[in-house]
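Let the hints inform the model, and build the full structure from the sequences given.
Number of protein chains: 2
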Amino acid sequence: MRAIQYQSKEQPLALSLIDDPVAGIDEVIVNLKYSALNHRDVFITKGLYPNLRPGTVLGSDGVGEWQGKEYLINPNIDWGPDQQLPADEYHILGMPDDGTFAEKIAIHPDRLVRKPEHLTSSQAAALPLAGLTAYRVLFSRCQLSAEDRLLVNGIGGGVALFVLQFALAIGAEVWITSSSQEKIDRARGIGATGGILYSEDNWHKSLKKNSGGFDVIIDSAGGAGFSQLISTANKGARIGIYGGSCGPILNLSPQVIFWKHLNIFGSTMGSDQDFTAMVDFVDQYTIVPVVDSVFALADFKRGFDRMDHGLQFGKIVLDNRRLD
Amino acid sequence: MRAIQYQSKEQPLALSLIDDPVAGIDEVIVNLKYSALNHRDVFITKGLYPNLRPGTVLGSDGVGEWQGKEYLINPNIDWGPDQQLPADEYHILGMPDDGTFAEKIAIHPDRLVRKPEHLTSSQAAALPLAGLTAYRVLFSRCQLSAEDRLLVNGIGGGVALFVLQFALAIGAEVWITSSSQEKIDRARGIGATGGILYSEDNWHKSLKKNSGGFDVIIDSAGGAGFSQLISTANKGARIGIYGGSCGPILNLSPQVIFWKHLNIFGSTMGSDQDFTAMVDFVDQYTIVPVVDSVFALADFKRGFDRMDHGLQFGKIVLDNRRLD
Numbered sequence: 002m003r004a005i006q007y008q009s010k011e012q013p014l015a016l017s018l019i020d021d022p023v024a025g026i027d028e029v030i031v032n033l034k035y036s037a038l039n040h041r042d043v044f045i046t047k048g049l050y051p052n053l054r055p056g057t058v059l060g061s062d063g064v065g066e067w068q069g070k071e072y073l074i075n076p077n078i079d080w081g082p083d084q085q086l087p088a089d090e091y092h093i094l095g096m097p098d099d100g101t102f103a104e105k106i107a108i109h110p111d112r113l114v115r116k117p118e119h120l121t122s123s124q125a126a127a128l129p130l131a132g133l134t135a136y137r138v139l140f141s142r143c144q145l146s147a148e149d150r151l152l153v154n155g156i157g158g159g160v161a162l163f164v165l166q167f168a169l170a171i172g173a174e175v176w177i178t179s180s181s182q183e184k185i186d187r188a189r190g191i192g193a194t195g196g197i198l199y200s201e202d203n204w205h206k207s208l209k210k211n212s213g214g215f216d217v218i219i220d221s222a223g224g225a226g227f228s229q230l231i232s233t234a235n236k237g238a239r240i241g242i243y244g245g246s247c248g249p250i251l252n253l254s255p256q257v258i259f260w261k262h263l264n265i266f267g268s269t270m271g272s273d274q275d276f277t278a279m280v281d282f283v284d285q286y287t288i289v290p291v292v293d294s295v296f297a298l299a300d301f302k303r304g305f306d307r308m309d310h311g312l313q314f315g316k317i318v319l320d321n322r323r324l325d
Numbered sequence: 002m003r004a005i006q007y008q009s010k011e012q013p014l015a016l017s018l019i020d021d022p023v024a025g026i027d028e029v030i031v032n033l034k035y036s037a038l039n040h041r042d043v044f045i046t047k048g049l050y051p052n053l054r055p056g057t058v059l060g061s062d063g064v065g066e067w068q069g070k071e072y073l074i075n076p077n078i079d080w081g082p083d084q085q086l087p088a089d090e091y092h093i094l095g096m097p098d099d100g101t102f103a104e105k106i107a108i109h110p111d112r113l114v115r116k117p118e119h120l121t122s123s124q125a126a127a128l129p130l131a132g133l134t135a136y137r138v139l140f141s142r143c144q145l146s147a148e149d150r151l152l153v154n155g156i157g158g159g160v161a162l163f164v165l166q167f168a169l170a171i172g173a174e175v176w177i178t179s180s181s182q183e184k185i186d187r188a189r190g191i192g193a194t195g196g197i198l199y200s201e202d203n204w205h206k207s208l209k210k211n212s213g214g215f216d217v218i219i220d221s222a223g224g225a226g227f228s229q230l231i232s233t234a235n236k237g238a239r240i241g242i243y244g245g246s247c248g249p250i251l252n253l254s255p256q257v258i259f260w261k262h263l264n265i266f267g268s269t270m271g272s273d274q275d276f277t278a279m280v281d282f283v284d285q286y287t288i289v290p291v292v293d294s295v296f297a298l299a300d301f302k303r304g305f306d307r308m309d310h311g312l313q314f315g316k317i318v319l320d321n322r323r324l325d
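Note that the protein sequences, when read in sequence, are chains A and B.
Read left to right, the first sequence gives residues 2 to 325 (my numbering).
Read left to right, the second sequence gives residues 2 to 325 (my numbering).
Check each hint, because a few of them may be wrong.
Heads up, the list lumps identical chains together, so a pair's fine if it works in one copy or across two of them.
As the list claims (entries may be wrong) - Taking lysine to any residue pairs in the SDA-like style, the calculated list, with each CA pair at most 20 Å apart, reads:
hint: 1; residue 1: 261; residue 2: 144
hint: 2; residue 1: 261; residue 2: 246
hint: 3; residue 1: 209; residue 2: 89
hint: 4; residue 1: 302; residue 2: 43
hint: 5; residue 1: 236; residue 2: 146
Read the hints as simulated data drawn from the structure, not as lab findings.
Structure below.
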């Protein structure tokens, strides 16, 4: 079969012809229809993940067919029974286990979750990893309720858009930031109340004044802007952190943290229970993932480039049956 | 009566002869026996608090007599009904309301709480503000349990010592840091399992290795050392922040926060319900506050100097009946 394998730091990815996967004990073979990119995949190509194993098929998100039915793949492996924390052996499909950027995958059937009926196969492929990350940070960690005013810092990526959509679904008021006016406008089209360019001087002061301040803030940037970000927090706010694309947080005031009684929660991925709850939520509120673009599997490099340059608004999907 | 009044930034404090307080509607006059110093009082003398009102009698902690019985004074004013957060009008006795560094105080009787029987009057005066701060950050915020291993960063101050004592009382394992070997030894004498000088190179690595890592960390420093501090945290740890004596937190890794699923909680003071729970806890476990020293009210400057130089181990108490 054809599959995108991680090769080496110098020449990270290639669409290779490899042996079909063989089902291990209790595993089944799923014919993959669509997959989707995550920042994780781009980080892996840059050598920014530990213990990279050459020859691994990348890809965490996938939708495929088994015994005539279509399934989402739950990318969690060995989270374990503790809802609060993953077990030490926890990892994500697609490194070091072979992932979804291939024609087929050998996988335990307990990783297969029914595809929500209102979604096309390519929409559903956009859901797993980003939807899980968004669901956990927003609900399991930050306990968002309809009465909260939410700020999503940096709209456009898969997780941030699910955060926006999930929050709107329950009736919360959502504001967003971006470096792109076009992305702000598109987010407002989806239902965001307001947004601001974080490249503007004193953006945080305008945003706090215009919005009235935030009860929940979701961030994946960190960096020098984090202090401005939490200056927009209301007393008792919950701040969810699921990434750090702008590097270390600089000059964070302990006084702001304790005077405002802030709650800062780190979050990454989620448990199997979170995954099931997320899919149920998407069903219940008929959430449709925002798909930025669909590339042929053979054309994966254009998808990786698009994500690497932050051009996307929504998920970048691969069509696993288009092989040349 | 004699009282220590805040005067001005240039000449902050003086023991003045002023009119006796007059009980307002629903207030009573309490004859004060002992009071105690808090960092707050020292910060006020340095102009580091907002809205300083010249002529205010300082002091948040006090024990006094009313109708022949002895009471602790609850220094909370107008916390309000929400257990999670104080109301906007919340403030602490001793600025802008007249406080406890005086012979008498006019106060609402709902601020009077029975003195635990096992404590002397001077020990009890050490309890209110520091005990409340410690109780809330440790239990209401960080949910410390007997199974947790706790790190108290910077032992010696009033709050840190209550954190140590409260945690030991419920059977948790406690480690401490300090810049002073003498303070570490004294904390070990109270029951700390181990301690380390944070002035040592790689103190955080030794500490993590020797302890096995921490489930709860209580900090009032912030500053450049905060990143080292949280490198000793276990996955899922709760970090309680109630102060920031070392200034802004520098170079904090978002990756550490999300990979470890950390929980960071800001906390300051506590509700009336926390106060009652704290006094009940002190009763139940017969906690005896560590009193560093007792100065005559007339000799208050020596007490302020001692706190300003960080020399104390425990609370600095004033004897309000020694007026010269």
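If the cut is 20 Å between Cα atoms, do residue 236 and residue 146 qualify within a copy, between copies, both or neither?
The answer is within: 16 Å in one copy meets 20 Å, while 26 Å across copies does not.
What label fits residue 261 with residue 144 when the C-alpha limit is 20 Å: within, between, both, or neither?
This pair counts as both: shortest intra-copy Cα distance 18 Å, inter-copy 19 Å.
Can you give me the call for residue 302 and residue 43, within, between, both or neither, at a CA distance of at most 20 Å?
Only inside one copy: residue 302 and residue 43 sit 10 Å apart there, 62 Å across copies, limit 20 Å.
Copy assignment of residue 261 with residue 246, given that the CA separation must stay at most 20 Å:
Only across copies: residue 261 and residue 246 sit 17 Å apart there, 26 Å inside one copy, limit 20 Å.
Within a copy, between copies, both or neither: where do residue 209 and residue 89 come within 20 Å Cα-Cα?
between (40 Å within a copy, 18 Å between copies)
Of the numbered hints listed earlier, not one is contradicted by the structure.
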